[in-house]
Every structure is written in structure tokens, then in C-alpha cells.
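Engineer: One-letter residues, chain by chain:
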Amino acid sequence: MADITAPAYRTIPIIPALIPGAMEGKGPFVASEKINEAIGFPGQLVEDWHDKAIAKMGELLSKYRSLKVFMDACVHCGACSDKCHYFIGTQDPKNMPVARQDLMRSVYRRYFTLPGKLFPKLVGARDLTREVLDEWFNYYHQCSECRRCSVFCPYGIDTAEVTMAAREILDSIGYGQKYSNEIIGKVHKIGNNLGLPGPALIDTLEGLEEDVKDATGIDVRFPIDVKGAEVLLITPSADFFAEPHIDSLIGYAKVFHASGTSWTLSSLASEAGNFGMFIGNYEQLRKIALRIREAALELGVKRIVVGECGHAWRVAYSFWNTLSGVGGGAGEVDKFAQMLQKQLDHRYKQPTHICEFTWDLIERNALTFDKSKNDKHIITFHDSCNVARGSRMGDLPGGQFEIPRNIIKAVANNFVEMAPNTTREQTFCCGGGGGVLTDDLLELRVKGALPRMEVLQQAVDEHGVNFMATICAICKAQFTKVLPIYGFDRKLVGGVHQLVSNAIQLGPK
Amino acid sequence: MANIEVGGKSYETDEEGYLVNLSDWNTDVANFMAQTENITMTDQHWEVVNFLREYFDEYQIAPAVRVLTKAIGKKLGAEKGTSEYLYGLFPYGPGKQACKIAGLPKPTGCI
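First to last, the sequence lines map onto chains A and B. Throughout the first sequence, residue numbering follows my numbering, covering 1 to 509 in sequence. Throughout the second sequence, residue numbering follows my numbering, covering 1001 to 1111 in sequence.
Capping the alpha-carbon separation at 30 Å, the derived lysine-lysine pairs in BS3-like fashion look like this:
| # | chain 1 | residue 1 | chain 2 | residue 2 |
| --- | --- | --- | --- | --- |
| 1 | A | Lys-34 | B | Lys-1009 |
| 2 | A | Lys-34 | B | Lys-1106 |
| 3 | A | Lys-189 | B | Lys-1070 |
| 4 | A | Lys-371 | B | Lys-1070 |
| 5 | B | Lys-1074 | A | Lys-373 |
| 6 | B | Lys-1074 | A | Lys-491 |
| 7 | A | Lys-491 | B | Lys-1075 |
| 8 | B | Lys-1075 | A | Lys-213 |
| 9 | A | Lys-376 | B | Lys-1080 |
| 10 | B | Lys-1074 | A | Lys-213 |
| 11 | B | Lys-1106 | A | Lys-178 |
| 12 | A | Lys-376 | B | Lys-1074 |
| 13 | A | Lys-376 | B | Lys-1070 |
Computed footprint of chain A on chain B; a stretch qualifies when at least three of its residues, placed anywhere within it, have a C-beta under 8 Å from a C-beta of chain A:
| # | segment |
| --- | --- |
| 14 | 1057–1064 |
| 15 | 1082–1096 |
Calculated from the structure, these hints are not laboratory results. All residues carry an ideal CB built from backbone N, CA and C; glycine is no exception.
Same shape as in the complex, but just chain A (with noise of 0.2 Å):
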């Protein structure tokens, strides 16, 4: 592995100088024709692919007119070049969301506008070349779909959509991307992200039981695929099998031994992530949707509550109720939707954040906690893009980003905030985000992590942080790989259950 160095702090924190091309031909690999075989994509780059991707383009922009209004509304204004913490890491214009946006933009009217079809040259339209071509998969795969840029657009252009529309249109030609259509193929075949099959995913959970035991005394289960469970516990196939995602997934199983909660993960849908929107793919995204109402209406739960998970939080909170069922919604003809919606128990949200089940919990004063046991961490709190600005948790505005944060102070004494231009709805991305976790885009993501590491390190020396907690598989991941980097423990991330876990009281109050 080519050895990736961090770039230096900014100084002064403004518009970097540019670099044009420094991102140039370092995007990801390309999937091979197994990997978008198996998932019903072109095997490779089809021949007519200039027509067919016009066309693709066409069918995009008059089913979603969000992206039509997105390709006409931009006037350029420059709000958003330096918000995009791909642009500050690697200083290359084509990274500045303005300018990503713009090569489809251009190609956009070429051929969808009148001055565009009429002088190209006078409006900037272009040819969809394969030049374009290879551009478009270039930096539509440095984007990780965190809309950080679009809560400074003053139109609001969801700039995330325009990528997912870019990726789209690719793979319809057969020029997706490796990592993402890879996992895509193993959720349907093996029903997760990991590939993880039933048996190891029993044998993992009975060693954690094992481990529990040691540390605690006490019998706290992970029990899988009980029917007639209350709660269905969706999560990313992360938590089962990296660190330190696993601790996170202990401190779920004991805030429902806690709580006398009965519970269940399932073999068929043990996984939250939905990479489906990363390729902006509807029928992927459903698909992938699909299997936990087919888990859900199996094991007859009456509550689905989502793990750790950014991105399948956005998925589950936003769509999941047109898409499958859960929660209100369902189409008068989708049989299967209006069974799970009877099933389940409507006094509770559906679905419901592992976060809000357990703050719930917590204001109940239903559990116990013993915060000594933090205080070896000076804790601050990672917002998740998804979870930031594409979701929300409890019933007041802002709740995901109140609630993970009442949680932290519930359960440990040291908790401290990060400039505040960069949390909260002005968080910045970890820069593994929205199908770039993977070591072919390393640099990438090394440099994009340069924002959040900067005020990192300034809590770091302010207040001495020694724990970045987070509630996303993803961030989780990505900061284990670049902290080092960047000279910080790796240990240094980890997740807001992994405190609770470290807190709780089992025994009997």
C-alpha cells in the first residue's frame, strides 16, 4: 500500500490554493462484469453508451424535477466552493461542489437546452465525450453525498442528488463503481454488507455473549431470528465484526437486557446499510428496503429500531415508509406494506433510532448509570452527515442532534463540543462517506478528513479530547483508518452505545 501522508493543518482555515488536476485519474476502481452482472447492471461500459446515457439522463431529469430544477437554478455564486471538504483536502477546483455539479451541468445543456443545442460554446455546454465520461466517474466518485454545500446554497440545490443521479447514469452504461456494486451484490446474496453468512454471524453473537459474561456477571443475549420478539434490531454488518463498532452493538444488547426488552437481529436482513442510494438507484434502494419487511412480517416484531447506521438512518427515516411499509405510507395495493403496518405497535415510532429508544429510556429513569466509569474520556460528538441533514430523531427540531448528545452527558461527566461551524448541520463529513470507503480512494479520503481533524485536534489541545464518539458505522471506520494518519490514537472514535455500555448498571437497581 503506496503510503498516503496527511496534509497539513491550514493556518488560517479559508479557500485553499488551487491545484487543478491534483485529483485527476484517482478515483476508484471500476466494477468488473461479475460484480454489475450480479446486480443487473451492464457487465461493462456498453457500446451505444453516449445515447444511452442521454436517455438515462432525459428519464432522470422529467421522473425527478428536483434535478431539473437543480441543473437550471445555479448561478454560480461560489457559496458552496468552500464548504465541500474534498475541495479543502485535495485543492482541486473540479472538487469545489460548484464545479462537480457543473460536469453535468455542461452536458446537461447540450443537450436539454435551447442555447445550449444552438451555441454550445456561448453558454459552456459540452459534448458528452468519453473524456466527460471518465471525468464524471472520476469526481462524481469524490463526492460522499454529505450536503454540507447545500445548507450554504442559497437555492438550495441538493448537491448530493446530482451525484447520485451522475452515478446512476453510469452504471445504466455499465461504468460503476467496484466497492459499492460489490456490497450491493453481497446484501441480496448473503444479506449483508460483509458477506457475513448465518453461521458466523451465531457464532460471533454467542462469543459475544461469552464475553459479556466475563466482564459483567451477568447472562445479556443477542438472540437472532426469534419469532415473536418485540423489537427487530436492523444494523449495520459493521457492528457485528470491526472495531470499535462491536462495542457499540454490546451496549444495545445490554440497554435491552436493561430494560426487560425482548429483541431479535435476523439472518435475512442483517444489515442496515443500504448502498442503494449511494448509486442513487431506486429499485436497488428498494430492494435492499425489502428484505427487513420480509424479516419483519417473518418474525412478527412490533417494533423496528435501527443501529448505529448514518446513511440507513436516512434511508429508514425518510423512506423506508414508501419503500417498505414501516411506518405510515404504504400504498392502498402493496399487500405486504399494509400487513407490517397493522403489525406493528404505532404507539412508538416506527421505526425508532437505537438513540431515541434509549434516551426514551433514560428520561423514564429506567436505567441506571455509573458515569464514573467515563471519566477517563473527555468525550465530544461527531454529527454524521446523514443523520444531520437528511433525518431527525424525537419530536422537536434538531433532535438528532440533541438527543445523542443527552445521551453522552446521561452516561459520562466529560463532554465538550467542537468549533461549532463545523457540527451540527455544519458538520463535516469523515470523508469515507457515501460509497468512498474504500482503500482504491485512501488518499481521498485521507484528505478529506483534513477539516474535522483540524478542529479535532484544536479540542484535543483545548480540552483534551480523547474520544470522538459517533453514531455511524462509516465514520466509525473511516476515523479508525485516517486518526493515525493524522498522528492520533486510532482508538480515539467510537460510539455514543459503546459509552453507555461502559456506564450502565445491569444488576438489580
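With chain A fixed as given, assemble chain B onto it according to the hints.
Structural biologist: Just chain B, lined up with the frame of chain A:
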């Protein structure tokens, strides 16, 4: 796709150097891959690699980091059953680097 030459034989690997056909694996291939990762294989490395292969045979996936540390701890003593010990052996991450040397597919996902 690429190929590596080991001991006069050619083996197919993917873009990142992982073996494409798992049945191609042998100790020479492992040593070769370790070399490209700047790792000198010692008995300690082999303990990990052999465990990974045994686990994979049974479950068709590499073990979770925690399962691995626990198994190594049981075999070699509690002080070695830590992720620090494994990172010491395989600095790029015990999951991915050790899997590569063991001839297993790369675990992917949010890890």
C-alpha cells in the same frame, strides 16, 4: 486483474493483489504477498494466518477482529489477545492485510 509470479508459476490476483482463486494459495504465495506488504513472516504471523484459514474453511468469511483476538489470546496467552498485538504484526490492519496473506477475499463494507 493482474498476475503474480511465484516460483515460476503464475497466479491471478485482483487490482489490490488479493488472490482471485482461493484454491491457488500456498505458503510460497503467502510469503510473496507478505514481502510485497513489507512483512517478514515469523511464527507469530503464521499463527494468525493459519487461524484465519481455518476459520474461513468453516464459515466462508474471515473472523471478526474480536473473534480473532480472542482465539489468539487463548492460543498464545492473554497478553497477545489484543488488537495492538495484531496491529503490531500487520500494521495495515489485521483484517485486510492478514487476509491478503492468508489468500482470503478482502472483507468489505463499513469496516
